[in-house]
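Enquirer: Construct the complete structure from the given sequences, taking the supplied hints into account.
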Amino acid sequence: MNERNRKLTYAALYLAIALVLPFITGQIPEIGAMLSPMHIPVLLCGFVCGWQWGMVVGLIAPLLRSALFGMPTLYPAAIAMTFELAAYGALSGILYRLLPRKTWSIYASLILAMIGGRLVWGAARYALAGLSGSEFPLSAFFAGAVLNAIPGIILHIVLIPVLVIVLEKARLTLR
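Counting in the numbering used here, the sequence shown runs from 1 upward without gaps.
Just so you know, these hints were derived from the structure itself, not from any lab. Treat the hints with care, as some may be off.
Said to hold, decoys possible - With a Cα cut of at most 30 Å, we get these calculated DSSO-like pairs of lysine-lysine:
#1 K102 with K169
#2 K7 with K102
#3 K169 with K7
Expert: Shown next as C-alpha coordinates:
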(Lines of atoms letter the chains of each structure in order from A; the text may use other names.)
(Lines give C-alpha, C1' and ligand atoms only; values in the text may rest on other atoms or scores of the structure.)
Protein backbone atom coordinates (compact mmCIF):
# COMPACT_ATOMS: atom_id res chain seq x y z
CA MET A 1 0.00 0.00 0.00
CA ASN A 2 1.43 3.39 -0.92
CA GLU A 3 1.92 6.22 1.59
CA ARG A 4 -1.13 8.22 0.48
CA ASN A 5 -3.46 5.23 0.79
CA ARG A 6 -2.05 4.39 4.22
CA LYS A 7 -2.67 7.96 5.39
CA LEU A 8 -6.21 7.86 3.97
CA THR A 9 -6.87 4.56 5.76
CA TYR A 10 -5.49 5.85 9.06
CA ALA A 11 -7.43 9.10 8.73
CA ALA A 12 -10.64 7.13 8.11
CA LEU A 13 -9.90 5.09 11.23
CA TYR A 14 -9.37 8.24 13.30
CA LEU A 15 -12.61 9.69 11.92
CA ALA A 16 -14.48 6.52 12.90
CA ILE A 17 -12.99 6.70 16.40
CA ALA A 18 -14.06 10.36 16.67
CA LEU A 19 -17.63 9.32 15.85
CA VAL A 20 -17.73 6.40 18.32
CA LEU A 21 -15.61 7.53 21.29
CA PRO A 22 -18.22 10.01 22.64
CA PHE A 23 -20.63 7.08 23.09
CA ILE A 24 -18.08 5.41 25.38
CA THR A 25 -17.18 8.49 27.44
CA GLY A 26 -20.86 9.40 27.59
CA GLN A 27 -21.29 6.45 29.94
CA ILE A 28 -19.60 8.58 32.61
CA PRO A 29 -22.37 11.17 33.14
CA GLU A 30 -20.46 13.40 35.54
CA ILE A 31 -17.49 14.11 33.25
CA GLY A 32 -18.05 12.26 29.95
CA ALA A 33 -18.51 15.35 27.79
CA MET A 34 -15.75 17.20 29.65
CA LEU A 35 -13.25 14.57 28.47
CA SER A 36 -13.52 16.04 24.94
CA PRO A 37 -13.41 12.60 23.33
CA MET A 38 -13.55 13.81 19.72
CA HIS A 39 -10.36 15.79 20.26
CA ILE A 40 -8.25 12.69 20.96
CA PRO A 41 -8.42 11.01 17.51
CA VAL A 42 -8.10 14.35 15.71
CA LEU A 43 -4.96 15.28 17.62
CA LEU A 44 -3.56 11.78 17.06
CA CYS A 45 -4.32 12.01 13.35
CA GLY A 46 -2.26 15.21 13.14
CA PHE A 47 0.65 13.53 14.92
CA VAL A 48 0.46 10.28 12.97
CA CYS A 49 -0.66 11.31 9.48
CA GLY A 50 0.43 14.94 9.29
CA TRP A 51 -1.26 18.29 9.43
CA GLN A 52 -3.36 18.02 6.26
CA TRP A 53 -5.03 14.78 7.31
CA GLY A 54 -5.48 15.95 10.90
CA MET A 55 -7.10 19.15 9.66
CA VAL A 56 -9.49 17.29 7.33
CA VAL A 57 -10.55 14.82 10.03
CA GLY A 58 -11.09 17.77 12.39
CA LEU A 59 -13.22 19.55 9.79
CA ILE A 60 -15.39 16.53 9.09
CA ALA A 61 -15.84 14.84 12.50
CA PRO A 62 -18.12 17.32 14.34
CA LEU A 63 -20.33 17.98 11.32
CA LEU A 64 -20.67 14.29 10.46
CA ARG A 65 -21.36 13.33 14.08
CA SER A 66 -23.97 16.08 14.29
CA ALA A 67 -25.63 14.91 11.06
CA LEU A 68 -25.61 11.23 12.05
CA PHE A 69 -26.36 11.39 15.77
CA GLY A 70 -27.60 14.92 16.49
CA MET A 71 -24.71 15.55 18.87
CA PRO A 72 -23.11 17.94 19.08
CA THR A 73 -25.94 20.22 18.02
CA LEU A 74 -25.14 21.75 14.65
CA TYR A 75 -25.45 25.41 15.62
CA PRO A 76 -23.38 26.72 17.23
CA ALA A 77 -21.58 23.73 18.82
CA ALA A 78 -20.64 21.56 15.82
CA ILE A 79 -19.80 24.53 13.62
CA ALA A 80 -17.47 26.02 16.24
CA MET A 81 -15.99 22.60 16.95
CA THR A 82 -15.26 22.17 13.26
CA PHE A 83 -12.88 25.13 13.35
CA GLU A 84 -11.46 24.07 16.71
CA LEU A 85 -10.77 20.47 15.71
CA ALA A 86 -9.38 21.47 12.33
CA ALA A 87 -6.92 23.70 14.21
CA TYR A 88 -6.04 20.83 16.58
CA GLY A 89 -5.30 18.44 13.74
CA ALA A 90 -3.36 20.99 11.71
CA LEU A 91 -1.36 22.44 14.61
CA SER A 92 -0.43 19.09 16.15
CA GLY A 93 0.86 17.89 12.77
CA ILE A 94 2.72 21.11 11.86
CA LEU A 95 4.33 21.60 15.26
CA TYR A 96 5.35 17.98 15.63
CA ARG A 97 6.99 18.04 12.22
CA LEU A 98 8.86 21.30 12.91
CA LEU A 99 10.13 20.49 16.39
CA PRO A 100 13.06 18.13 17.07
CA ARG A 101 12.37 14.40 17.37
CA LYS A 102 12.36 14.40 21.16
CA THR A 103 9.77 13.33 23.71
CA TRP A 104 9.36 16.91 24.93
CA SER A 105 8.30 17.95 21.42
CA ILE A 106 5.26 15.69 21.67
CA TYR A 107 4.16 17.56 24.79
CA ALA A 108 5.02 20.97 23.35
CA SER A 109 3.16 20.23 20.11
CA LEU A 110 0.16 18.92 22.00
CA ILE A 111 -0.10 21.79 24.46
CA LEU A 112 0.39 24.46 21.80
CA ALA A 113 -2.17 22.75 19.54
CA MET A 114 -4.64 22.62 22.43
CA ILE A 115 -4.15 26.31 23.19
CA GLY A 116 -4.43 27.25 19.51
CA GLY A 117 -7.54 25.13 19.03
CA ARG A 118 -9.25 26.66 22.03
CA LEU A 119 -8.46 30.16 20.79
CA VAL A 120 -9.90 29.24 17.38
CA TRP A 121 -13.00 27.81 19.10
CA GLY A 122 -13.43 31.05 21.04
CA ALA A 123 -13.08 33.14 17.88
CA ALA A 124 -15.60 30.92 16.08
CA ARG A 125 -18.09 31.09 18.95
CA TYR A 126 -17.67 34.88 19.11
CA ALA A 127 -18.27 35.21 15.35
CA LEU A 128 -21.29 32.87 15.46
CA ALA A 129 -22.75 34.81 18.39
CA GLY A 130 -22.34 38.03 16.42
CA LEU A 131 -24.08 36.50 13.41
CA SER A 132 -27.03 35.44 15.54
CA GLY A 133 -27.24 38.74 17.42
CA SER A 134 -26.27 37.18 20.74
CA GLU A 135 -23.19 37.59 22.90
CA PHE A 136 -20.23 35.40 23.74
CA PRO A 137 -18.50 37.12 26.67
CA LEU A 138 -14.99 36.39 27.85
CA SER A 139 -16.44 34.57 30.87
CA ALA A 140 -18.21 32.10 28.55
CA PHE A 141 -14.97 31.55 26.64
CA PHE A 142 -13.04 30.93 29.86
CA ALA A 143 -15.70 28.54 31.16
CA GLY A 144 -15.89 26.57 27.91
CA ALA A 145 -12.21 26.56 26.99
CA VAL A 146 -10.68 26.11 30.42
CA LEU A 147 -12.93 25.41 33.43
CA ASN A 148 -15.27 22.86 31.87
CA ALA A 149 -12.40 21.33 29.88
CA ILE A 150 -10.03 20.54 32.78
CA PRO A 151 -10.75 16.76 32.84
CA GLY A 152 -10.20 16.57 29.07
CA ILE A 153 -7.04 18.69 29.21
CA ILE A 154 -5.58 16.37 31.85
CA LEU A 155 -6.63 13.24 29.93
CA HIS A 156 -5.13 14.53 26.68
CA ILE A 157 -1.81 15.53 28.28
CA VAL A 158 -1.52 12.10 29.94
CA LEU A 159 -2.86 9.86 27.16
CA ILE A 160 -1.87 11.35 23.80
CA PRO A 161 1.92 11.51 24.30
CA VAL A 162 1.92 7.88 25.47
CA LEU A 163 -0.06 6.84 22.39
CA VAL A 164 2.22 8.81 20.05
CA ILE A 165 5.33 7.21 21.60
CA VAL A 166 3.80 3.72 21.30
CA LEU A 167 2.78 4.35 17.68
CA GLU A 168 6.27 5.65 16.85
CA LYS A 169 7.96 2.63 18.42
CA ALA A 170 5.64 0.39 16.40
CA ARG A 171 6.57 2.45 13.31
CA LEU A 172 2.93 3.37 12.71
CA THR A 173 3.44 7.10 12.26
CA LEU A 174 3.27 8.35 8.68
CA ARG A 175 4.42 11.94 8.81
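Enquirer: Each hint needs a verdict: does it hold in this structure or not?
Expert: Going down the list of hints, with the structure as the test:
At roughly 13 Å between alpha-carbon atoms, K102 and K169 fall within 30 Å of each other, so this suggested pair holds. The hinted pair formed by K7 and K102 meets the criterion: a straight-line CA distance of about 23 Å does not exceed 30 Å. At roughly 18 Å between alpha-carbon atoms, K169 and K7 fall within 30 Å of each other, so this suggested pair holds.
The structure is consistent with each of the numbered hints, conforming to all of them.
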